[in-house]
Amino acid sequence: MILQHQHFSIQGKMILEKFVYQPPLKKDTSMYNEACLMYNITGQVDLYSPAQKETLHDNECILMKCGQYFTSASKATPNTPSEVVAIHFFPDVLKWAFADQLPGYLSVNNTCLSTQKAISRVTADEVLKNYIHNLLFFFDHPSLVNDELVLLKVKEIILLLLNTHSREAEKIKAILSDLFNPTHISLKEIIDAHCYDNLTIEQLASLSNMSLSTFKRRFGELFGENPATYIRQKKLNKAAQLLQNSSTSIASICYDVGFSDTSNFTKTFQTYFKVTPSEYRKRKK
Numbered sequence: 001m002i003l004q005h006q007h008f009s010i011q012g013k014m015i016l017e018k019f020v021y022q023p024p025l026k027k028d029t030s031m032y033n034e035a036c037l038m039y040n041i042t043g044q045v046d047l048y049s050p051a052q053k054e055t056l057h058d059n060e061c062i063l064m065k066c067g068q069y070f071t072s073a074s075k076a077t078p079n080t081p082s083e084v085v086a087i088h089f090f091p092d093v094l095k096w097a098f099a100d101q102l103p104g105y106l107s108v109n110n111t112c113l114s115t116q117k118a119i120s121r122v123t124a125d126e127v128l129k130n131y132i133h134n135l136l137f138f139f140d141h142p143s144l145v146n147d148e149l150v151l152l153k154v155k156e157i158i159l160l161l162l163n164t165h166s167r168e169a170e171k172i173k174a175i176l177s178d179l180f181n182p183t184h185i186s187l188k189e190i191i192d193a194h195c196y197d198n199l200t201i202e203q204l205a206s207l208s209n210m211s212l213s214t215f216k217r218r219f220g221e222l223f224g225e226n227p228a229t230y231i232r233q234k235k236l237n238k239a240a241q242l243l244q245n246s247s248t249s250i251a252s253i254c255y256d257v258g259f260s261d262t263s264n265f266t267k268t269f270q271t272y273f274k275v276t277p278s279e280y281r282k283r284k285k
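What the sequence shown shows, in this note's numbering, is residues 1 to 285, in sequence order.
None of the hints are false.
DSSO-like mimics (lysine-lysine), calculated; alpha carbons at most 30 Å apart, straight line:
(1) Lys27 <-> Lys238
(2) Lys153 <-> Lys129
(3) Lys171 <-> Lys13
(4) Lys267 <-> Lys238
(5) Lys13 <-> Lys173
Now the in silico label distances, taken between C-beta atoms and shown as ranges:
(6) Val275 <-> Lys117: 35 to 45 Å
(7) Lys285 <-> Asp140: 55 to 65 Å
(8) Gly220 <-> Val145: 49 to 59 Å
(9) Glu148 <-> Asp125: 26 to 36 Å
Keep in mind that the hints were calculated from the coordinates and are not lab data. For each residue, glycine too, the CB sits at the ideal point set by N, CA and C.
Take these sequences, add in the hints, and give me the full structure.
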């Protein structure tokens, strides 16, 4: 549940954003003509791109290319609110921020080859933490904010990323040069990447940028099976392999292969293999 959502926009485009939420929370995000820096102030959140899953904890930061994403924050213990700040990068806004003297590595038409990594981690050093702290001051005093200040904060974060992460300067520059090059991932790569994650068929369809009906049709054409059956069988066969070849607890295996609770896992496993997970392990040892 969203408890507080603040943002500063330019010409209808949300640039600086802060939201406080109470887990659990699930959210689809489409960024077709923008990129984003996301700073996780408090809480734990899982971010899914078509080919990646990244888990953020307190004071961790990522850069996200343009593309399709899904965010999931599970109910935490203690059940306290989580807080996130995001800076959104649009090509035209970057041009305004740099007074039309946009660095070549930020050009949408740059010649950098697109990478397959949609999410890249950024070290949250003291300089970046101070930048975020400064942003929080303006969210607490929104009357001080105008378009000129928003553009200044956009330019500032770009320059800080490049000039203060000396050991990561080349990596940061490569990431920035690739922000607006879409990552092209096949449906098979998406399924291979997320088969053992706790995602619904609807969420997989969203990551694939397809309607549910189109996703099911293309999935059937590719795998010769409907998504629910295929993915369930993959999860169960992986679980059986782990039961046989490891000493990992049954509860851990349940979550590792993408089931959300042990009772459903045990019931589904028994229906498929005709024995419970514990019985299967005893027979195979």
